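A.B. asks: Residue strings, one per chain:
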Amino acid sequence: MSEAAPESDVGHLLRELAPRVLGALLRRSRDFAAAEDAVQEALLTAIVQWPASGMPRNPGGWLFHVASRRMDDRRESDEARRKRETEVAAQAESFAAEVEPGALEHDDTLELLFTCCHPALTPPSAIALTLRAVGGLTTAEIASAFLVPEATMAQRISRAKQTIQSSDVPLATPGAEERAKRLGDVLHVLYLTFNEGYASSAGEELQRVELSTEAIRLTRALHRSLPDHAETAGLLALLLLTDARRRARSGPLGELIPLDEQDRNLWDRAMIDEGTSLITATFAKGMVGAYQLQAAIASLHDEADRAEATDWPQILALYQLLARMSDNPMVALNHAIATAMVHGPAAGLRLVDSLASDERIAGHHRLDAVRAHLLEFQGEREASIRNFRLAASRTLSLPERNYLMTKAARLANGEPCKTLRS
Amino acid sequence: MKFMLMMHYAGKGPAIYTWPPKDIQAHIQFMLELNKKLAAAGEFVDAQGLAGAEQAKIVRATKSGPPAITDGPFPESKELLAGFWIVDVASEKRAIEIAATASAAPGLGGERMSIPIELRQVMGAPKIET
Numbered sequence: 001m002s003e004a005a006p007e008s009d010v011g012h013l014l015r016e017l018a019p020r021v022l023g024a025l026l027r028r029s030r031d032f033a034a035a036e037d038a039v040q041e042a043l044l045t046a047i048v049q050w051p052a053s054g055m056p057r058n059p060g061g062w063l064f065h066v067a068s069r070r071m072d073d074r075r076e077s078d079e080a081r082r083k084r085e086t087e088v089a090a091q092a093e094s095f096a097a098e099v100e101p102g103a104l105e106h107d108d109t110l111e112l113l114f115t116c117c118h119p120a121l122t123p124p125s126a127i128a129l130t131l132r133a134v135g136g137l138t139t140a141e142i143a144s145a146f147l148v149p150e151a152t153m154a155q156r157i158s159r160a161k162q163t164i165q166s167s168d169v170p171l172a173t174p175g176a177e178e179r180a181k182r183l184g185d186v187l188h189v190l191y192l193t194f195n196e197g198y199a200s201s202a203g204e205e206l207q208r209v210e211l212s213t214e215a216i217r218l219t220r221a222l223h224r225s226l227p228d229h230a231e232t233a234g235l236l237a238l239l240l241l242t243d244a245r246r247r248a249r250s251g252p253l254g255e256l257i258p259l260d261e262q263d264r265n266l267w268d269r270a271m272i273d274e275g276t277s278l279i280t281a282t283f284a285k286g287m288v289g290a291y292q293l294q295a296a297i298a299s300l301h302d303e304a305d306r307a308e309a310t311d312w313p314q315i316l317a318l319y320q321l322l323a324r325m326s327d328n329p330m331v332a333l334n335h336a337i338a339t340a341m342v343h344g345p346a347a348g349l350r351l352v353d354s355l356a357s358d359e360r361i362a363g364h365h366r367l368d369a370v371r372a373h374l375l376e377f378q379g380e381r382e383a384s385i386r387n388f389r390l391a392a393s394r395t396l397s398l399p400e401r402n403y404l405m406t407k408a409a410r411l412a413n414g415e416p417c418k419t420l421r422s
Numbered sequence: 001m002k003f004m005l006m007m008h009y010a011g012k013g014p015a016i017y018t019w020p021p022k023d024i025q026a027h028i029q030f031m032l033e034l035n036k037k038l039a040a041a042g043e044f045v046d047a048q049g050l051a052g053a054e055q056a057k058i059v060r061a062t063k064s065g066p067p068a069i070t071d072g073p074f075p076e077s078k079e080l081l082a083g084f085w086i087v088d089v090a091s092e093k094r095a096i097e098i099a100a101t102a103s104a105a106p107g108l109g110g111e112r113m114s115i116p117i118e119l120r121q122v123m124g125a126p127k128i129e130t
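For the record, the sequence lines run as chains A and B. Under my numbering, the first residue of the first sequence carries the number 1, and numbering increases by one thereafter. Under my numbering, the first residue of the second sequence carries the number 1, and numbering increases by one thereafter.
Chain B with its partners taken away, still in its complex shape:
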């Protein structure tokens, strides 16, 4: 079964840009190794980081006329998608385990960040009834 793990900007605490170099390194290394582990376990489908929210836009068609385009940055209080994984795993339990691992990525001072990870199952073909 496939799950999408959506990592959100927590929107609180100092931005990663302001951390000491060793903390940034530890964080980056953690994320790269997580992807390697998922690939080695045969569970990795895709993982992408999204470009900065400063470049984000929201596009809405209007009832008539040209579409309405809202530029970023959006209010900081709002949680924004920072990146995602898609994993193919044996159970929801395993997907939760992966999400928990990602959420515990090291942050400032090496402390667990507790990043909110939204876990959603990807819809697929209907189950074969037996």
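Extracted from the complex, chain A is given alone in its bound form:
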């Protein structure tokens, strides 16, 4: 045993190690719930023992050993288990050195992510399970982040585990092709987790900010495991470049502040620099994907010191690439905005109108809001007010509704229409 470790270091290390130990256990057994219980018990033992008696030389091996013994013990009789319990922790140090080679490699976090972002799960379940098993958040913390009762979240997580256990989809991912697809699922879950926190981080629901931070932490870990995977790097860059603007995007009472009106001094320079150099380096490798394109667009916004200095022609070019790559109406809508910024509001409105027949987005408040903004740019006050009010009545976000309603009211009150060259 080495010298005694300060408690905070132990906590930090355990949080890093727990998902890897869980991942390693799950390669031996499909029983998610039992594996997680075993890891929890091993962590508890570590929390009690390590600060007192010192950190083992191979903390991961120690945890893996204790946890896998706990799992084996579960299968034995209670009698035998009780007898053994006291011995296991004592033996762990000597056993840890002999842990089978490769039992605890860095890839275990990745394997665990594959498991938690399982295709049989709905996105909310996958997010919850990922935060619990990989992120190490408590059920209470996750419940509070999603504004649901703790019992509800506990049940959601436990059902997710059962779904995985009874699913036909293999836990460990076999071929390269399946692996690539599952990795796409993982990135999507991390993206949704971030969004869940970011989109609602205004106003009364400040606690949800934690979800964004956690999503970035997990994406960072994934990027460390797969430094050459371009879309993982792209997603990390996108999250950093988006989160960098968080402090500027809402006022003291949670009111939304649009990009062009934000105080850019509030943007987080360090995050922007990290995101920008990451996306620049990734782009240079030449395997461009949707997350990378979105990150590149975010970085162009972040690099402009004033809204008027935004490089819209470049952003438009990137949206054109993105639109070709994905059949997503939201991308098409953003493409329409960029078009308006470069070729004028009329050109943008033509694209918006062509989208109105797409039933995936018709009736969506974003379509009405974009139309309202572009009509305002054109000086069509009455039509703009109508569309802002329509968007306000359709949005499901309170800060957004307040913003759109206020926009309409200002125009109705005679405030001059914004123009593109003001």
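Worth double-checking, as some hints may not be accurate.
[As the list claims (entries may be wrong)] Covered stretches of chain A, as calculated for chain B (at least 3 residues, CB under 8 angstroms): (1) 338–346; (2) 383–394.
[Unchecked claim] Quick partial rundown of chain B residues pointing at chain A, CB under 10 angstroms, derived from the structure: (3) T18; (4) I28; (5) G49; (6) E118.
To be clear, the hints were calculated from the coordinates, so they are not data collected in a lab. Given the structure is predicted, the values throughout are model-derived calculations rather than measurements. The C-beta atom is built at its ideal place from N, Cα and C for all residues, glycine as well.
Since the structure of chain A is already known, use the hints to place chain B on it.
C.D. replies: This is chain B only, laid out in the frame that chain A set:
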């Protein structure tokens, strides 16, 4: 004791969309500050605003066959739930006080709106007899 405060659309007077911006701002600010005050007093349990009535639906099972689904918007004369608070307070008197505060939210021209607030106690465990 817990109470649910249900705020209804008054259904009369000009819609908030048509107010001047400063009146809208004052109204929104008032509501956000009310929630902050309730939280600071340790009385806040939950508060939610509901999406527009245009998106509302009424669903009824039929005796046999598929359910009957009625789309909004519903007739304007009908009072509709716009949002609610759940508060945990020491007395009904305090719940009434909160409801009265919410009802007096500033409206057009900064005048009190007198929003109808339906106050209902939430049922709980039986009282322990001593």
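A.B. asks: Determine which of the earlier numbered hints do not hold for this structure and return their numbers in increasing order.
C.D. replies: Violated: hints 1 and 6.
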